[in-house]
Amino acid sequence: MLHHVLLEVGDLERSASFYDSMLAPLGWRRHYDENQTIGWGIAKPVFFISSHHDPKPGFGLLSFSALGIVAVKAAWENGVKAGGTSVSDPGERRSPGSGSYSAFLQDPDGYEIELTIGSD
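Residues in the sequence shown are numbered from 1 upward in steps of one, following the working numbering.
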């Protein structure tokens with residue numbers, strides 16, 4: 001079972017603004033903001049960003065579940081408006097590990113993010 005995820009970012013405030021905007025349509029909110037670390041979740045913080053150390057290359061993908069197509073589109077649009085870069089517009093997907101509808105973007109530090117609703 002996954003307990004939490006923490007990403008090191010180059011500019012904490014820029015990244016916090018990005019994640020505030022992108023995660024809001026998914027029902028996530030800030031639950032933690034101390035010591036150069038910010039955490040979001042639905043009921044408790046499970047996703048954190050921090051500026052304690054320099055970010056290092058070599059990362060894969062974060063995937064956030066959405067409750068529907070409207071939430072995927074809103075989160076993707078908010079993320080792009082807040083400084084993210086579109087990788088793939090919202091749409092139907094048929095690939096292993098991806099939901100039936102998803103969108104991809106990169107956050108301001110280049111981390112790749114999938115916003116998805118699953119078919120399961």
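Heads up, some of the hints might be wrong.
[Stated by the list, open to error] What follows is a set of in silico ranges between Cβ atoms, one per label pair, in the way DEER data are often shown:
(1) Ile69 - His4: 17 to 23 Å
(2) Glu112 - Lys44: 22 to 28 Å
(3) Arg94 - Tyr32: 34 to 40 Å
[What the hints assert, rightly or not] Straight-line C-alpha distance at most 16 Å; calculated EDC-like pairs for lysine to aspartate or glutamate:
(4) Lys73 - Glu92
(5) Lys44 - Glu34
(6) Lys73 - Asp54
(7) Lys81 - Asp54
(8) Lys44 - Asp20
(9) Lys44 - Asp33
(10) Lys81 - Asp20
Since the hints were made in silico from the structure, they are not lab data. Don't be surprised by glycine CBs; every beta carbon is placed ideally from N, CA and C.
Keeping to a limit of 16 Å between CA atoms, is the pair of Lys81 and Asp20 held or broken? holds (12 Å)
Taking 16 Å as the top limit, are the C-alpha atoms of Lys44 and Asp20 close enough? With a Cα-Cα distance of about 15 Å, the restraint between Lys44 and Asp20 holds, given a limit of 16 Å.
Between Lys81 and Asp54, is the straight-line Cα distance small enough, at 16 Å or below? Violated, at roughly 25 Å.
Hinted pair, alpha-carbon criterion (16 Å max): Lys73, Glu92. Please report holds or violated. holds (12 Å)
If I claimed the Cβ atoms of Glu112 and Lys44 lie 22 to 28 Å apart, would that claim hold in this structure? holds (25 Å)
Given the hint that Lys44 pairs with Glu34, does the C-alpha gap stay at or below 16 Å? Between Lys44 and Glu34 the Cα gap is close to 15 Å, so the pair holds against 16 Å.
Between Lys73 and Asp54, is the straight-line Cα distance small enough, at 16 Å or below? violated (31 Å)
Is it true that the C-beta distance of Ile69 to His4 lies inside 17 to 23 Å, as the hint says? Violated - the Cβ-Cβ distance for Ile69 and His4, about 28 Å, lies outside 17 to 23 Å.
Just tell me: holds or violated, for the beta carbon distance of Arg94 and Tyr32 against 34 to 40 Å? holds (37 Å)
Keeping to a limit of 16 Å between CA atoms, is the pair of Lys44 and Asp33 held or broken? With Cα atoms ~12 Å apart, Lys44 and Asp33 stay inside 16 Å; holds.
The earlier numbered hints that this structure contradicts are 1, 6 and 7.
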